[in-house]
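The chain contents come next:
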Amino acid sequence: MTFDVARIRADFPILDREINGHPLVYLDSANTSQKPRQVLEIMRQHNERHNGNVSRSVHTLGTEATSAYEGARAKIASFVNAATPDEIVFTKNSTEAINLVAYAGGQHLNLKPGDEIVVSEMEHHSNIVPWQLLCERTGATLRWFGVTDDGRLDESNLDDLVNERTKLVSIVHMSNVLGTINDVSRIVARARQVGALVMLDCSQSVPHLPVDVRALGVDFIAFTGHKMLGPTGIGVLWGKYELLAAMPPFLAGGSMIETVTMQGTTYAPPPARFEAGTPPIAEAIGLGAAVDYLTAIGMENVHQHEQDITAYALKALGDMPGVRIFGPSTPDGRGGTLSFAVDGVHPHDVGQILDAQGVEVRVGHHCAKPTCARFGVPATTRASFYLYTTQDEVDALVQGLDQVRKVFG
Amino acid sequence: MLLDGLYQEIILDHYKHPHGRGLRDPFGGEAHHVNPTCGDEVTVRVAVDGVNISDISYEGLGCSISQASASVLHELVTGKDAATVAGIQEAFVQLMQGRGQVEPDEDVLGDGVAFAGVAKFPARVKCALLPWMAFQDAAARAGVDVGASPEVKA
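Those sequence lines, one after another, are chains D and B.
Mapped onto this note's numbering, the consecutive letters of the first sequence carry residue numbers 1 to 409.
Mapped onto this note's numbering, the consecutive letters of the second sequence carry residue numbers 1001 to 1154.
Please keep in mind that the hints were generated in silico from the structure rather than gathered at the bench.
Backbone N, C-alpha and C define an ideal beta-carbon position, used for all residues, glycine too.
Take the hints with a grain of salt, since some may be wrong.
[Claimed, not checked] Footprint (simulated), chain B over chain D, 3 or more residues, beta carbon under 8 Å: (1) 102–114; (2) 344–350.
[As the list claims (entries may be wrong)] When the alpha-carbon atoms are kept at most 30 Å apart in a straight line, the in silico BS3-like pairs for lysine-lysine are as follows: (3) 1016/B / 369/D; (4) 1016/B / 1080/B; (5) 1126/B / 369/D; (6) 1080/B / 369/D; (7) 1016/B / 406/D; (8) 112/D / 92/D; (9) 1080/B / 406/D; (10) 406/D / 315/D.
Start from the sequences, fold in the hints, and give me the full structure.
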């Protein structure tokens, strides 16, 4: 199937909007993506016609809701090539998925002083703070990979960093600031040598490129629905079944039990063990529809389109005087998330002037302060692309930046 | 253009040519404030001579609004007595929290009236208030009360 951006855009009602008298140019998909009619419609249908609670009702509505909810789990499992849908745990977002592993996985690992957890300097705060807290609770030590000047993971000290004391390595698959896509094969191989678990934060990769958990050879991945055409409030933890099965619960309550007496409780097997309480049902079903949508287009095609747009944008922004791009300067091993600085103008002012022209970008530290600090800036301006992004929109960004320089010239 | 209200010439001038920038000794109180959502930072030092604020010195990293606001603060408050300063502080905070409905008094706020437009951009109100909140804390540490700390709504 040929990739037809115009046809794809027609599925996204919001893209018809005007912002401040200009056509919307949405370049903030790394923050949250827009949603196609197919996702919005299936959630509306669910709420209008099939709403019931899941996994506990014998009535027709409850059965329909359960079947749709579990159907979404199966679609997502196959989307990332999980061995079984039981390896897919629904969470609120990536942050909760990482916290789940930091708590339940941390407890399973029985961490103590002397043990080490390894992250990197290009992590989102959600892949730093849960591990800092885990280390505070257990006395374990947090260590991290550095980042090279061109925005790649610095693996030069891999063997020192990942060693016999390392219990878990948690690394971002694609950086939300630099756009870098990390080839984690060497890290995974080293972790296997020393018996450490590996988690990947796939919040920015699963939405944009084919991700196969078995080919990656890792133990856990986290991703979130709203960055991949789905709704907010639904995220995913994928974990190897035997690991999930060995982990204690995280949140406790309804749905996660096998049996409860006043004296004690036994727990349901995964994934139910980690889904206490009524889950976001319509949101899970919406995420299933998003996965259907992406699958129909093909993740290879989505990735290729974004590679083309990224190459175009790197050239267009790279040619602008006074614009400095952070991260890899070519599309090789990088995705469509492009952070930059405009000389003499603070990112907030850049974002404000772009917004006046309908161009929506993210400004600030992107919840990755250590990454910004690594490049000596408190904040950056970030344009991020998706399957609906066009070259015309990149041109609009460039024109917008010309305007920024006029105001602050 | 919509942005005219936000990026007044006066604001851009203060941003490009800040008044009184840089941290100076001696000082009676210092405060460092951060806007956690955007990472903007400002350090404000207050020197007191009797009942007068004899100097406000500052250093910061941030957008044009927060940095220009610090410059205007320095200009408005330096050399004035605590009671006058409390009035200026209150007027500026009211202006910023007025959602664009408050008519500023130029006699009280001077160049600060240029920030009237900022009040219409809720996401930027915190930027404008950042140095003023730091100033209030620094003044308190220097033993000068310039008004109760209002809840910043933005």
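Results for each hint:
no.: 1; hint: 102–114; in the structure: violated (count 0)
no.: 2; hint: 344–350; in the structure: holds (count 5)
no.: 3; hint: 1016/B / 369/D; in the structure: 26 Å, holds
no.: 4; hint: 1016/B / 1080/B; in the structure: 25 Å, holds
no.: 5; hint: 1126/B / 369/D; in the structure: 19 Å, holds
no.: 6; hint: 1080/B / 369/D; in the structure: 38 Å, violated
no.: 7; hint: 1016/B / 406/D; in the structure: 14 Å, holds
no.: 8; hint: 112/D / 92/D; in the structure: 29 Å, holds
no.: 9; hint: 1080/B / 406/D; in the structure: 37 Å, violated
no.: 10; hint: 406/D / 315/D; in the structure: 21 Å, holds
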